[in-house]
Each structure stands twice: as structure tokens, then as C-alpha cells.
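Required output: the full structure, derived from the provided sequences and hints.
Per the UniProt record's numbering, the very first residue in the sequence shown carries number 1; after that it's consecutive.
Keep in mind that the hints were calculated from the coordinates and are not lab data. Any given hint could be a false lead.
Computed cross-link-like contacts, PhoX-like style, restricted to lysine-lysine with a CA-CA straight-line distance of at most 25 Å [as the list claims (entries may be wrong)]:
| hint | residue 1 | residue 2 |
| --- | --- | --- |
| 1 | K179 | K165 |
| 2 | K165 | K132 |
| 3 | K165 | K134 |
| 4 | K173 | K211 |
| 5 | K132 | K179 |
| 6 | K211 | K165 |
| 7 | K173 | K134 |
| 8 | K134 | K179 |
| 9 | K211 | K179 |
Cβ pair distances, simulated, as ranges [said to hold, decoys possible]:
| hint | residue 1 | residue 2 | range |
| --- | --- | --- | --- |
| 10 | L294 | P145 | 53 to 63 Å |
| 11 | L282 | P219 | 21 to 31 Å |
| 12 | H130 | S209 | 28 to 38 Å |
| 13 | S139 | S292 | 54 to 64 Å |
| 14 | G276 | V183 | 35 to 45 Å |
| 15 | I124 | L294 | 54 to 64 Å |
| 16 | G147 | P112 | 45 to 55 Å |
| 17 | A215 | K301 | 45 to 55 Å |
| 18 | S209 | L285 | 24 to 34 Å |
| 19 | Q170 | V280 | 25 to 35 Å |
From the three backbone atoms N, C-alpha and C, an ideal C-beta is built for every residue, glycine too.
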Amino acid sequence: MSSDPPKPGSDTSKGESADNAGIAQRNESLKRRAMLRRRTGRRTAAGSGSTSSSSSDEGNIASDEKGTEVVPPTSGVAAPVKTEKTQTTATKSLNRNIKATVLTFRPIVDRPNVARVQLLLCNISDRALHFKLKSNVGSNVSALPAGNAEIPPHSQVRLVLTWTKPPQFQHWKEVPPPKLLIVTRYLDSTGGKSDASQTAIRLIARVSSSKTCFASNPPIEQLLLDAAGKAEGMEVSSVLPEGTARTPEKVEEQPSHGVQTGKEVADFLNAISDRGLLLVILFLLAAMYIVSRLCDKKQKK
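Right, here's the structure in full:
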């Protein structure tokens, strides 16, 4: 007798489906074990060996490698973490300190393309110093009487700085500021030799847009220079910013009271605008007219 094919609902089909379900369940368990091994390998400390599984599990994995695609497990050794080392460079003690101050030039009344300022260098230390004024190439800044000199202790030197506007610029605000630097070196009080340390003072030049000056009376910028102890180095004792009241030291030759008053009046007239000057003139004319009328009335009486 010929055997009939198994029906879909027979016991044979049920057994095959059960076997397929078991194989799928087994493959799923293998995948889970492989994932567990990878996680365990990542958590192990650096230098420790990989955790070994049981021999039965290895045999099962080897037998089912062809039917299941499993990502190969890691070695179990954690790679050393590369830490970014911040290189801290020790700051060496520098023998020179760089300071900065603003120099405000004023255009000359009859020569608007030329601006001037007086730089008063005051040595308030007990040692003599030698200074040198440096500028970049093409700065169009000149110093009178000289750009380098020696200042005795508790003395001062007056420099007249002249800044000429290049012809390719129409306004002062278009001119790039020059790079000015004053390098000072103090002299030893005993042998007269200069110290190895020095002080560099950076000057920031600008031109006033509202005020002018006469060629013979430019504004004054005062700079106080002081030398600390030889072991401590040197520093700028006081750098007066723009707008600070400047009190230059008294010199032996004091101008007369009349000349000083005339200069103050000239500075006042330069500071006010053209409209303000016109109003002042009208006010003076009105005052003179009123005074003359009063004098006439008194004479008639």
C-alpha cells in the first residue's frame, strides 16, 4: 500500500514546525550570547584577558557558524584612552614690560595736513636713563630735537612729534595709525653702565577731529618714568590716559604772567568753533555799544 502524504494538520508537520521554532530560538540565543560577550569585553579593565566561555557553548557556536551570521567578538582588552595633554609652558620672567598710552595729535591751524603734540618724558627715578623713539617705516612721524637722548635723574625732556598726512588720504581718519615705541634703558648709578633689562612703551597715535593748535604751541602729553629695584625690573610708574589733567613739573624758566595769559586766551579761541567765535564777537560788540551809550548819557548830564 502506498503511504499518503502527510496532511497539513498531521503530527509530522507539527514536529517539523516545532523543530524550526527550536532552531530559530537557538540562533537567537547564540546572538544574545555573542552580544553579551561583546559587552563583557568592553567593560573589562585595560590589561585583563578576555573572559572565556564554556566549551559546550564554543562547540555549539562552531557548529552553527555556517547558519548564523554573528559579529566576531572583541578581544576583551580595552584600548587605552588617549588623553589630550595640555602643554603648560612656564612663563619666563621677562626683563621688559610693555605698556601703552594714547598720544592725541592736533592739526595745525594754517597747515591742516600736519599734526603735532608735545611729549614730556619725566624721569622720576634716582638713576639716569637712555631712551630711544622707534617708528615703523612710512609712519611720517618726526621728533625734535632728537629721537634718542639721556635723561638725568629727576629731570625731563621735551619732544615735539610732527605727523604729516600722506597725500593719498583726504581725511585724518583714513590714515592708518603709526606704530611708535619708546625703549628706555636705565643706567647704573655706580659705574654708569646700562642694565640688561629695559622697558618698552607703546604709543597709540590719533588725531583730534574737533581741536586744532598753533605750530608753536601743540598740546602736551606727559609720561612719568620710574625705575624700581634692579632685581625687580623696571616699570612705567604712571601713564596718563587721554583726558587726564596733566601737571608738568615746574622748570626753572617760568614764562611771564602776560605770556601765559595770552596763551590761555589763544587756546580758548582755538577750542571753540567758528559759530561760537562769531557769537562771542557779537556779544563783545553789543557790550561795547551799551557801555558807549552809558558814557554818552553821563557826559550829557
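Status of the hints after comparison with the structure:
no., hint, verdict
1, K179 <-> K165, "holds (15 Å)"
2, K165 <-> K132, "holds (23 Å)"
3, K165 <-> K134, "holds (19 Å)"
4, K173 <-> K211, "holds (14 Å)"
5, K132 <-> K179, "holds (14 Å)"
6, K211 <-> K165, "holds (16 Å)"
7, K173 <-> K134, "holds (23 Å)"
8, K134 <-> K179, "holds (8 Å)"
9, K211 <-> K179, "holds (23 Å)"
10, L294 <-> P145: 53 to 63 Å, "holds (54 Å)"
11, L282 <-> P219: 21 to 31 Å, "holds (29 Å)"
12, H130 <-> S209: 28 to 38 Å, "holds (36 Å)"
13, S139 <-> S292: 54 to 64 Å, "holds (55 Å)"
14, G276 <-> V183: 35 to 45 Å, "holds (43 Å)"
15, I124 <-> L294: 54 to 64 Å, "holds (55 Å)"
16, G147 <-> P112: 45 to 55 Å, "violated (25 Å)"
17, A215 <-> K301: 45 to 55 Å, "holds (52 Å)"
18, S209 <-> L285: 24 to 34 Å, "holds (31 Å)"
19, Q170 <-> V280: 25 to 35 Å, "holds (31 Å)"
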